[in-house]
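Participant: Here's the letter readout for the chains.
2 protein chains.
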Amino acid sequence: MKLNELGLLVVISGPSGVGKGTIRKALFKIPDNNFCYSVSMTTRKPRENEVDGVDYFFVSKEEFVRRIEENKFLEYAEFVGEYYGTPVDYIEKNLDAGKEVIMEIEVQGALKVRERKPEAVFIFIVPPSKQALLDRLMNRGTEKTVDIQRRIEKAEREYHLAYKYDYIVVNDDVANAADRIYAIIRAEHAKTERSIHKYYKLMEGKTNE
Amino acid sequence: MKLNELGLLVVISGPSGVGKGTIRKALFKIPDNNFCYSVSMTTRKPRENEVDGVDYFFVSKEEFVRRIEENKFLEYAEFVGEYYGTPVDYIEKNLDAGKEVIMEIEVQGALKVRERKPEAVFIFIVPPSKQALLDRLMNRGTEKTVDIQRRIEKAEREYHLAYKYDYIVVNDDVANAADRIYAIIRAEHAKTERSIHKYYKLMEGKTNE
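Residue numbers (the numbering used here), protein chains in the order written: chain P, 473 to 681; chain F, 473 to 681.
For the record, the hints were derived by calculation from the structure and aren't laboratory data. None of these values were measured; they are calculated from a predicted model. One or more hints might be untrue.
The list treats identical chains as one, so a pair stands whether inside a single copy or across any two.
[As the list claims (entries may be wrong)] Here are the simulated SDA-like pairs of lysine to any residue, each with C-alpha atoms no more than 20 Å apart in a straight line:
| hint | residue 1 | residue 2 |
| --- | --- | --- |
| 1 | K589 | K663 |
| 2 | K670 | D645 |
| 3 | K673 | G570 |
| 4 | K602 | K673 |
Produce the complete structure using the sequences and hints provided.
Facilitator: Written out as structure tokens, the structure reads:
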């Protein structure tokens with residue numbers, strides 16, 4: 473029995489190239505989960521196979537800008553002329569329904585989310601060693617040396633930001649890392665500050681559960 | 473890979489009659505655990521089948537009093553003429569060896585431990601309803617009504633102290649509750665404040681792990 477019936481917003485972040493996406497996918501394979509993926513909104517055109525409402529919510533620039541003005545994004549950013557953002561209403565609806573909303577986001581975006589949602593759970597994924605991260609960044613396709621160098625510098629700046637997160641999870645093995653995130657979610661539900669009000673009500677007989 | 477290599481002191485507590493002992497036993501049945509039970513010290517005589525160093529450390533009153541003076545207990549109490557206490561050296565030795573030291577203790581003792589060991593993890597076990605607790609207290613042997621009444625009053629005072637703990641775990645099902653405690657232990661190891669120093673060393677290549 474969970475004392476906290478609302479879902480948690482779980483923010484999975486970490487330096488570029490650390491394997492956030494792979495871990496997120498492994499997390500959704502855990503049996504009997506009630507996870508919900510935080511779908512981003514974008515103004516870029518859908519690629520082949522991409523489904524509206526699954527991969528992204530695809531909207532026009534006018535629509536996106538209107539939503540910015542209405543404060544309807546947890547965070548947003550512009551990237552090569554297109555907008556990308558996290559719509560807040562979709563998240564709220566799913567949290568209220570008791571789902572754990574899983575967000576996968578790069579470091580700068582995560583820190584913006586923290587400002588608006590301090591009660592969310594912030595998890596920083598790290599490589600098992602610096603060499604493992606360098607290997608991943610260098611083997612990631614056929615990029616120019618200058619681009620790889622820029623990426624390594626970005627990752628180095630990012631990995632120092634671990635202290636701003638609640639938890640640090642090592643990506644030594646994808647299934648292990650996903651399992652550790654699941655343990656964190658269960659533990660967070662049991663935290664006294666999230667569960668005590670429901671508990672006192674229970675002991676006063678004010679609920680039937 | 474765990475970033476925090478020291479063991480955690482995990483304090484399992486809660487109102488009388490809530491089933492702390494049963495949950496603790498279920499916890500030790502989890503496969504591949506590295507748990508160590510915090511063995512108490514007492515001046516009372518061993519009962520049949522009780523083994524020194526397993527059920528209790530059995531010592532003389534002189535020895536116990538000497539240890540009190542040397543500040544060698546995390547907490548101690550006197551009960552019908554005999555002393556009971558938690559020896560600190562046994563706990564430290566096992567934490568340094570990377571074991572999770574599990575302590576099962578009543579509410580007053582747990583709060584004393586908190587004063588000396590604020591970095592320990594404090595878990596409050598609660599019944600699934602007030603009625604469930606009353607049922608347990610009333611069906612616990614063949615005691616006099618006045619004793620049962622006293623126990624109920626004690627449990628009522630105790631259950632209000634949940635707010636002093638880090639986590640609240642509902643004893644709806646023993647295996648579930650033990651499993652939730654295991655999740656809490658895993659999550660606590662991943663907490664940033666416990667793991668960040670090791671992580672920064674790792675990224676500077678100052679460790680081989």
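Participant: Compare the structure with each hint and give your call.
Facilitator: Evaluation of the provided hints:
Taking identical chains as interchangeable, the C-alpha atoms of K589 and K663 lie at most 20 Å apart whether they share a chain (17 Å) or sit on different chains (19 Å). Taking the closest pair of Cα atoms, K670 and D645 come within 20 Å of each other only across two copies (18 Å); inside a single copy the shortest separation is 36 Å, beyond that limit. Taking the closest pair of Cα atoms, K673 and G570 come within 20 Å of each other only inside a single copy of the chain (19 Å); across copies the shortest separation is 39 Å, beyond that limit. In this homomeric assembly, K602 and K673 come within 20 Å of each other (Cα to Cα) only across copies, at 10 Å, whereas the closest approach inside a single copy is 49 Å.
The structure is consistent with each of the numbered hints, conforming to all of them.
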